[in-house]
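Chains as they are written, first to last, in our numbering: chain A, 1 to 114; chain B, 1001 to 1115.
Note that these hints are calculated values from the structure, not bench results. We put the CB at the ideal spot given by N, CA and C, even for glycine. Any given hint could be a false lead.
Simulated pairs of lysine to any residue, SDA-like, Cα-Cα distance not exceeding 25 Å [to be verified]:
id, chain 1, residue 1, chain 2, residue 2
1, A, LYS49, B, ALA1098
2, A, LYS49, B, PHE1045
3, A, LYS49, B, GLY1099
4, A, LYS49, B, GLY1059
5, A, LYS49, B, THR1030
6, A, LYS68, B, ILE1103
7, A, LYS49, A, SER73
8, A, LYS61, B, ASN1102
9, B, LYS1011, A, GLU88
10, A, LYS49, A, SER84
11, B, LYS1011, B, SER1113
12, B, LYS1057, A, SER26
13, A, LYS49, B, GLU1044
14, A, LYS61, B, TYR1105
15, A, LYS49, B, HIS1029
16, B, LYS1011, B, THR1070
17, A, LYS61, B, SER1005
18, A, LYS49, B, ALA1108
One-sided and incomplete, this derived list gives chain A residues near chain B with beta-carbon spacing under 7 Å [said to hold, decoys possible]:
id, residue
19, GLN42
20, LEU44
21, PRO94
22, LYS101
23, PHE104
24, ALA106
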Amino acid sequence: AQSVTQPDIHITVSEGASLELRCNYSYGATPYLFWYVQSPGQGLQLLLKYFSGDTLVQGIKGFEAEFKRSQSSFNLRKPSVHWSDAAEYFCAVPISGGYNKLIFGAGTRLAVHP
Amino acid sequence: GAGVSQSPSNKVTEKGKDVELRCDPISGHTALYWYRQSLGQGLEFLIYFQGNSAPDKSGLPSDRFSAERTGGSVSTLTIQRTQQEDSAVYLCASSLGAGVRNIQYFGAGTRLSVL
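Next up, chain A with everything else stripped away, as it sits in the complex (with noise of 0.2 Å):
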């Protein structure tokens, strides 16, 4: 069955500094892979997705994620971190069945220091 994996609850990060959030999966074909992001008191926007083609995707607000299938990863990446991006990250995958019912990883949630 399908899930996600993702090892991080906490990351406190100091603004400036790179920052990468992890997130395995587990699916029987090539995966499609989400990230999301909430923020206190919001609903989830989407980040990034990938979907087939380049490994290496980018997204809104900065953001890129890399494919690594060797390795089950589609980690979030940002080489400077701003204080407006401490939120909850979710990392997700659809359930196979021909529609995208998503399962999601338990969340990184972000802080980041001035």
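Given the structure of chain A, go ahead and fit chain B onto it with the hints provided.
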């Protein structure tokens, strides 16, 4: 354009009461999803509607939970005889179609507190 709208944004109820949560999807989106976000369980799929097809109710946790979608647009999630473990944020999402390449757009959610 307008995004997914959910109401109310917050709901406090007493144990045993029924509650209704509303979702207005993005106009033209044929697929609609309900998810629940709770401290213990994270983000869980509840139910999915696509056009006029029978809904996928496989994620509903008990028969106290039901949902309907009228006219292929607005959806209502109903929880009967609420329990404290129902306290969570209920998120609605919609997408243009049903395939995996259709991006889900989420509302801000309804925070339900059962006292």
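Checklist entry - Should the hint that LEU44 of chain A touches chain B count as held when the rule is a Cβ pair under 7 Å? => result The hint holds - LEU44 of chain A has a Cβ within 7 Å of chain B, the shortest such distance being about 4 Å.
Next on the checklist: Check the hint pairing LYS49 of chain A with SER73 of chain A against an upper bound of 25 Å on the C-alpha distance.
Outcome noted: Holds, at about 13 Å.
Checklist entry - Are the Cα positions of LYS49 of chain A and HIS1029 of chain B separated by 25 Å at most? => result holds, 19 Å
Checklist entry - Taken at face value, is the distance from the CA of THR1070 of chain B to the CA of LYS1011 of chain B at most 25 Å? => result This hinted pair holds, its Cα atoms lying about 22 Å apart.
Next on the checklist: For the restraint on GLN42 of chain A, tell me whether the closest CB of chain B is nearer than 7 Å.
Outcome noted: Holds. Min distance 6 Å.
Checklist entry - Under the criterion that the straight-line Cα-Cα distance not exceed 25 Å, is the pair LYS49 of chain A, SER84 of chain A satisfied? => result It holds: about 21 Å lies between the C-alpha atoms, which stays within 25 Å.
Next on the checklist: Does PHE104 of chain A hold up as a contact with chain B if the rule is Cβ-Cβ below 7 Å?
Outcome noted: Status holds, d = 4 Å.
Checklist entry - Taking 25 Å as the top limit, are the C-alpha atoms of LYS49 of chain A and GLY1099 of chain B close enough? => result holds, 14 Å
Item to check | Supplied contact hint for ALA106 of chain A, tested at 7 Å Cβ to chain B | outcome: holds, 5 Å
Next on the checklist: Does SER1113 of chain B sit within 25 Å of LYS1011 of chain B, going by the straight-line distance between their CA atoms?
Outcome noted: holds, 6 Å
Checklist entry - Does LYS49 of chain A pair with ALA1108 of chain B here, judged by a C-alpha cut-off of 25 Å? => result holds, 21 Å
Checklist entry - Hey, LYS68 of chain A versus ILE1103 of chain B, does the alpha-carbon distance stay inside 25 Å? => result holds, 22 Å
In this structure, every one of the numbered hints holds.
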